[in-house]
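Q: Note that the numbering used here gives residue 13 to position 13 of the sequence shown, counting from 1, and the numbers run on in steps of one.
Among the hints, a few may not be true.
Straight-line alpha carbon distances no greater than 25 Å define the calculated DMTMM-like cross-link-like pairs of lysine to aspartate or glutamate that follow [claimed, not checked]: (1) Lys184 - Asp121; (2) Lys184 - Asp146; (3) Lys162 - Glu66; (4) Lys162 - Asp146; (5) Lys162 - Glu63; (6) Lys162 - Asp121.
Worth flagging that the hints you see were computed from the coordinates, not collected in a lab. This structure is a prediction, so every number in the text was calculated from the model and none was measured.
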Amino acid sequence: MVRLARWLGNPLLRPRPGCFWEAGGTFNPTAFSYGGRVYLLYRQVSRNGVSTLGLAVLDGGFEILERSCEPVYVPRESFEVYPGLEPYVRLDEVELVGARPSNLSGGSHFGVEDPRVTVIDGRLYMLYTAVSDVYDYVRVAMTSIDIGSFLGRRWNAWSRPKPISPPGVWDKNAALLPRRVQGKYVVLHRFFPTYG
1 MVRLARWLGN
11 PLLRPRPGCF
21 WEAGGTFNPT
31 AFSYGGRVYL
41 LYRQVSRNGV
51 STLGLAVLDG
61 GFEILERSCE
71 PVYVPRESFE
81 VYPGLEPYVR
91 LDEVELVGAR
101 PSNLSGGSHF
111 GVEDPRVTVI
121 DGRLYMLYTA
131 VSDVYDYVRV
141 AMTSIDIGSF
151 LGRRWNAWSR
161 PKPISPPGVW
171 DKNAALLPRR
181 VQGKYVVLHR
191 FFPTYG
């Protein structure tokens, strides 16, 4: 039997003063290990209610060696941005006048949430929850980046994201299995039966 104990230093990640992108909270990380380090991609909610992803690098335990203040992944497509915003707009300069936080996403207006990373053949595949008030639901999307670009902090190398859950279906927290099953990759989804 394995016994787990809560780490006394919780929470490991807290919003940092002066970091615009984390002012509304830091939570829901994914973790993967590579080269003796543990990498956390976590949801951060900005002062203006945009969910993006931040990065923390750990020594393999609980010591944080590096942490970004700028997002490493931002919403960019229509299925993950606020209605009326052009994709790739500077999100830190957006003021959402009259906007109210979405009940769909736990209080942010739009963005990327709940990342899940799987490393396959030198590439990181990230599934995440895409939220936009354009839709009355949330859906899962996927993007990827090669490990060299990730380690080199070349965030513009993320592939163009694609939604992988059908329109009109409420879907969150998907994960890609790292090995094929009967020759095919498997994605685990969490569908909400009362929506869509």
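Q: What hint numbers does the structure not satisfy?
A: Violated: hints 3, 5.
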